[in-house]
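Take a look at the letters that make up each chain.
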Amino acid sequence: GESVGLHLPTLSVQEGDNSIINCAYSNSASDYFIWYKQESGKGPQFIIDIRSNMDKRQGQRVTVLLNKTVKHLSLQIAATQPGDSAVYFCAEKPHGSSNTGKLIFGQGTTLQVKP
Amino acid sequence: DTGVSQNPRHKITKRGQNVTFRCDPISEHNRLYWYRQTLGQGPEFLTYFQNEAQLEKSRLLSDRFSAERPKGSFSTLEIQRTEQGDSAMYLCASQGGAYEQYFGPGTRLTVT
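Protein chains in written order, with my numbering: chain A, 1 to 115; chain P, 1 to 112.
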């Protein structure tokens, strides 16, 4: 399953399939990007991050792709499991001398995994 | 538990009352952030501390909001004269030497 366009509020996938969650970021000068998973009633949980000098980074079952030309970030989850059901947020860290490391979050995509 | 902790987890208050939330960051993390999250939205930055110094405040942080980190360890966020629009999840995150921020479970505030 894949979310298309700039943002899709909900993505529904079958257990075992791969998921792709997309995100468009706003600031071409951002130098760091991060994906968080948030389950209901909990704080965001770090999944994976990538710096702007890279275009791909892999973790355990997750891959983040960065396309700076079109300001696009994606999170790929392999062999999606019911425990992956959550809201996923991308966030960017603007670069600049006054920057303090604050993150700017996107609106989030809800991933629903069907057993 | 060595993660970020926040207290209380839930707070219900009447409009006009003052509330205070506490955040205990990961030990030795010198950077601490407060964010606010409303239903269906991503977290929004409120303020940032490096050690005990408050170095940035968002325009979202009105005069009714104040945050402190007196000894560079735990932090408090106080809201005076609460309004219904203050109802939200208040999240704290801490950061060490790398870039990633680790979030606490949040304090859910409901103003009636």
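Everything labelled a hint here was simulated from the structure, so no lab data went into it.
Positions of the beta carbon are idealized from the N, C-alpha and C atoms, including for glycine.
Hints may be right or wrong, so weigh each one.
To be verified - Derived pair list, reagent style DSBU-like, types lysine-lysine, alpha-carbon separation capped at 30 Å:
hint: 1; chain 1: A; residue 1: 42; chain 2: A; residue 2: 56
hint: 2; chain 1: A; residue 1: 71; chain 2: A; residue 2: 42
hint: 3; chain 1: A; residue 1: 114; chain 2: A; residue 2: 42
hint: 4; chain 1: P; residue 1: 57; chain 2: P; residue 2: 71
hint: 5; chain 1: P; residue 1: 71; chain 2: A; residue 2: 71
hint: 6; chain 1: P; residue 1: 11; chain 2: P; residue 2: 71
hint: 7; chain 1: P; residue 1: 14; chain 2: A; residue 2: 56
hint: 8; chain 1: P; residue 1: 71; chain 2: A; residue 2: 42
hint: 9; chain 1: A; residue 1: 42; chain 2: P; residue 2: 11
hint: 10; chain 1: A; residue 1: 42; chain 2: P; residue 2: 14
hint: 11; chain 1: A; residue 1: 114; chain 2: A; residue 2: 56
hint: 12; chain 1: A; residue 1: 68; chain 2: A; residue 2: 56
hint: 13; chain 1: P; residue 1: 14; chain 2: A; residue 2: 68
hint: 14; chain 1: A; residue 1: 56; chain 2: A; residue 2: 71
Unchecked claim - Chain A is faced by these chain P residues, among others (derived, beta-carbon under 7 Å):
hint: 15; residue: 43
hint: 16; residue: 56
hint: 17; residue: 100
hint: 18; residue: 104
Hint by hint, here is what the structure shows:
Distance check on the hinted pair: residue 42 of chain A and residue 56 of chain A sit about 28 Å apart at the alpha-carbon level, within 30 Å; holds. Taking the CA atoms of residue 71 of chain A and residue 42 of chain A, the gap is near 29 Å; set against the 30 Å cutoff, the hint holds. Using a Cα cut-off of 30 Å, the hinted pair residue 114 of chain A and residue 42 of chain A holds, with the two alpha carbons roughly 22 Å apart. At most 30 Å may separate the alpha-carbon atoms for a hinted pair to count; residue 57 of chain P and residue 71 of chain P meet this at roughly 19 Å.
Straight-line distance between C-alpha atoms of residue 71 of chain P and residue 71 of chain A comes to about 40 Å, which puts the hinted pair past the 30 Å bound. For the hint pairing residue 11 of chain P with residue 71 of chain P, the CA-to-CA distance comes to about 25 Å; that is within 30 Å, so the pair holds. As the CA atoms of residue 14 of chain P and residue 56 of chain A are separated by approximately 49 Å, the hinted pair breaks the 30 Å bound. Proposed proximity of residue 71 of chain P and residue 42 of chain A is supported: the alpha carbons are some 27 Å apart, at most 30 Å.
This hinted pair checks out: residue 42 of chain A and residue 11 of chain P have alpha carbons roughly 15 Å apart, not beyond 30 Å. Proximity of residue 42 of chain A to residue 14 of chain P is assessed by CA-CA distance (about 24 Å); at most 30 Å being required, the pair is judged to hold. Between residue 114 of chain A and residue 56 of chain A the alpha-carbon distance is near 28 Å, which keeps this suggested pair within the 30 Å criterion. Proposed proximity of residue 68 of chain A and residue 56 of chain A is supported: the alpha carbons are some 11 Å apart, at most 30 Å.
Proximity of residue 14 of chain P to residue 68 of chain A is assessed by CA-CA distance (about 47 Å); at most 30 Å being required, the pair is judged violated. Restraint check: the Cα-Cα separation between residue 56 of chain A and residue 71 of chain A comes to about 14 Å, which is no more than 30 Å; the hinted pair holds. For residue 43 of chain P, the interface hint holds, the least distance from its beta-carbon to any beta-carbon of chain A being 5 Å, beneath 7 Å. Among the interface hints, the one on residue 56 of chain P holds; its C-beta lies about 5 Å from the nearest C-beta in chain A, closer than the 7 Å criterion.
For residue 100 of chain P, the shortest C-beta to C-beta distance to chain A is roughly 5 Å, which falls under 7 Å, so the interface hint holds. Against a cut-off of 7 Å between C-beta atoms, the interface hint on residue 104 of chain P holds, since the closest Cβ of chain A lies about 5 Å away.
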